[in-house]
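Chemist: Sequence:
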Amino acid sequence: MKTATVRQFRDRATSLFKQDEPVIVTRHGKIVGFFLPASGEALPLEIKKDLFSTLTDEIRASMKSHLLTEDAILADFEKTRKARRRR
2 MKTATVRQFR DRATSLFKQD EPVIVTRHGK IVGFFLPASG EALPLEIKKD
52 LFSTLTDEIR ASMKSHLLTE DAILADFEKT RKARRRR
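Residue numbers (my numbering): 2 to 88.
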């Protein structure tokens with residue numbers, strides 16, 4: 002397993018994506034993520050469920066910390082969409 006800083010990972014992402022070895026990504030010496038190469042096959046259902054659960058938990062926590070509601074976000078999307086159509 003290789004280790005790369007965030008900067009190294011960003012700068013060498015293309016070459017790291019071509020390798021078969023997992024990469025631990027660190028920032029200031031602490032682990033912030035992992036890159037696990039995929040074989041090109043579909044993700045197993047359990048991994049998809051875990052990803053979905055993690056993402057929704059993160060979004061929910063972010064919305065709560067920023068005091069956002071779903072209605073406010075949808076209204077903002079609608080406002081932005083109308084503004085883009087006018088261009």
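Treat the hints with caution; some may be incorrect.
Here are the in silico distance ranges between beta carbons for each label pair [as the list claims (entries may be wrong)]:
(1) R87 with L46: 38 to 48 Å
(2) F18 with T55: 40 to 50 Å
(3) K50 with D77: 25 to 35 Å
(4) A43 with S16: 19 to 29 Å
(5) A76 with F18: 31 to 41 Å
(6) R8 with D72: 36 to 46 Å
(7) K3 with A84: 15 to 25 Å
(8) R61 with K31: 31 to 41 Å
(9) A76 with T15: 33 to 43 Å
(10) K50 with E71: 30 to 40 Å
(11) A73 with Q20: 21 to 31 Å
(12) D21 with R82: 38 to 48 Å
(13) K50 with A73: 23 to 33 Å
(14) A76 with G41: 37 to 47 Å
Mimicking DSBU-like on lysine-lysine, the simulated pairs with C-alpha atoms at most 30 Å apart in a straight line are [to be verified]:
(15) K49 with K19
(16) K19 with K3
(17) K50 with K31
(18) K50 with K65
(19) K31 with K49
(20) K3 with K49
(21) K31 with K80
Keep in mind that the hints were calculated from the coordinates and are not lab data. Note that beta-carbon positions come from the ideal geometry of N, C-alpha and C, so glycine has one too.
Chemist: Taking the numbered hints from earlier one at a time, note which ones the structure violates and give those numbers from smallest to largest.
Modeler: Hint check: 2, 7, 8, 10, 11 and 21 fail, others pass.
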